[in-house]
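J.: For chain A, the structure is supplied; the task is to place chain B on it using the hints.
Protein chains in written order, with this note's numbering: chain A, 611 to 777; chain B, 96 to 428.
If you are wondering where the hints come from, they were derived from the structure by calculation, not from laboratory data.
Just so you know, nobody snuck in bad clues.
Stretch by stretch, here's where chain A covers chain B in the computed footprint (C-beta under 8 Å, at least three residues):
| # | stretch |
| --- | --- |
| 1 | 176-183 |
| 2 | 204-214 |
| 3 | 217-226 |
A quick note: this is a predicted structure, and the numbers were derived from the prediction, not measured.
Here a beta-carbon is modelled for each residue, glycine too, at the ideal position from N, C-alpha and C.
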Amino acid sequence: MSGQFVAFFILSLLTIGGAVFMISLQKVVHQVVALAFSFLSIAGLYVMLEAEFVAVTQVLVYAGSISILMLFGIMLTRHDAHEDTGRGKFKFLAFIVVAAFFVLVFMGIQTMNIEGTPANFSQQNNVLEIGKLMFSQYVIPFEIMSVLLLVALVGAIILAKREADDK
Amino acid sequence: MSQFLAQPLGWGTGLIFALSAVVLLGVVLGFVTYAIYFERKVVGWVQFRHGPTRTGPLGLLQTVADVLKLLLKEDIIPALADKPLFVLAPLIAFVPSFAVLATLPFTESIHFADLGIGLLYYIAVSGITTLGSLCGAWAANNKYSIIGGMRAAAQMISYEIPLIMSLVGVILMTGSLNLIDIVNKQAEMGMWFFIPQILGFGIFIIASLAELSRTPFDIVEAESELVAGHMTEYSGFRYAFFMLAEYVYVFGMASITTLVFLGGWLPPFEFLGFIPGIVWFILKFSFMVFFYMWLRATFPRMRADQLMQLGWKVLLPLSLVNIFVTALLKELL
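So here's chain B without its partners, still in its complex pose:
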């Protein structure tokens, strides 16, 4: 696929590139549809409920019906909202969520842009989404929205730092920011990065949950106190864009965790190598998605001030210690 992508850009190849991006978008939309269904089923299972059962066999068409409802709904813009920003905000939130997927390698051969700085690109571009939710919050002219937007911004800025810092250990050991190089390094070492970088892995999981604003860090849209945070005044397809961005990030973050800490497409044991890499990737990826939903069903929500304390007073020093120890071990061993 890298040779295929290295072709000179003309009208024909440009069309093919655009089509392959559309295929990825289709895959991601399919994932989002069934991730929502899966989430409702898993949470239902944990809480001794059935989850959706009525629409289609086993409720499989529930999300399709929900999305159809959202798209057909009347487009409501509140009278006192800031109209241009209100319209623009869902787009600012969604576009980066899809743009980050460009650098993710799914196997050694199935990947799009093989960027030298893939890991950093993901984190940098995903930060723009917060700008979208903050703009949406302000434009809606609603106090719950504003509080939600404020929390989103504070949370994103505080947790982006430990998120990057926890990855520095892996980058030090690999000597590269390229995601394919990182997976190849794990193949070379014979173990996945979550073993030598166990501290970094823990910090990364906690910080990534906060970046995704999922339980226990979903105070951004804590429905019992803030209705729906920055999405309170949104309905119809604009609301769908925000939701879509959120679930596309679940896709992205689960992929990044799989690639960086769980060995990407590598099989767990040598003798299982006959199973194609994409299967291993999907298995690990699905485990991560299940993990997010599992946490959602079992953990209570954190308070806003506890969240800030955890970010600045616990995760940041720990990630600095992790960098220091990794650098020391790399020099001594």
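Only chain A is shown next, with the shape it has when bound in the complex:
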């Protein structure tokens, strides 16, 4: 058993555990903290794949900013920490559906076969290679992404302004 396997096992356990706790915990703030743990473990998995830049971006954007923004939003808007959800009615049916879905996904993963040779990037400067690809081969998707973000930003400002005007 290699160290990599142990690390993978722990990280995937934390990722899935964080997600499960996110669903099962009762308080909204606890859910966000569980989600943050899940995000961090995903970053760990990226490090194991030697995608350091993606890992750090994951920590910077998701574990750092998004989680904090969510907490910020919850604290400013909701006053009741608990949320009662109707449970137990369709428990058995839900279990069947989830089990069937799990079997399907598991079979899919078992029989999956990725074509082509894996990229060899472990000896290269990760960030440099990503930058080169992004500004040569994938420049159009990259620019479209930035326009999309700009549109979202402008849209958010307009929505917020309209609400302020209504009051």
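T.: What follows is chain B alone, placed relative to chain A:
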């Protein structure tokens, strides 16, 4: 040391790696102990006071005694607090503060992880601490805590952006995010980055003070209005964890400023090269720490709305201008 770190991981080498991390932790704890003493002495000196003098010769054991008191104190958890989160929050705040030190090179040979993205790693991981203070603030169930936590989150998100943007100029000039490469580039250019990147340096200093939540940006824990911000309900060793995280970040941020803008372990003049690099690093690093304390003793606190305006309306546009000018100069020269 890089060869030493490149050994295959076994039980023996794993033990040595763990021990070297413990040594770094010891160094950092020693730094924190005497940084607090130094801060009290410097602030006292600026304000015509003596600072600590009683415990030990020249008051040198004052912080040791304070820490001992904190550790021996009764562990109090407020009755209406959210217990699991209240216990977890100091850990979420402290662990990243120590984890960021892993990529800092102190000299060309004394360093731990030589990461290709060292600079970005530092900024990304340090952001998690805010999650800890926000959780602590909410878990304590106290209105002063909540206000402090809110301010911490708003301040961290607003100032992280100019902090990263101000570094982009340096990254453009170096062509790398690796901290060792950045210092080597300064050796190659023959000048430190604070000269060609003077605007970026100014923005970085202001934004890093805000990230450290030190005066004039310490509205997060403004003691005259918020008691102690998110730490109001904390006492004993949990409070010590928060304080420790704060001072470990002083260590980290002073190191990053030294490495990126002040030439790291490089001597200021060629003929002074016979003095080992670690001495230069410590000198510059100590100057930065003194600078933080100097500001604390002389500046008043900013108001929360002024802080936001400065971040979004002044620092962010200026850092964008800095990136633009740097890119233009790099293309033309």
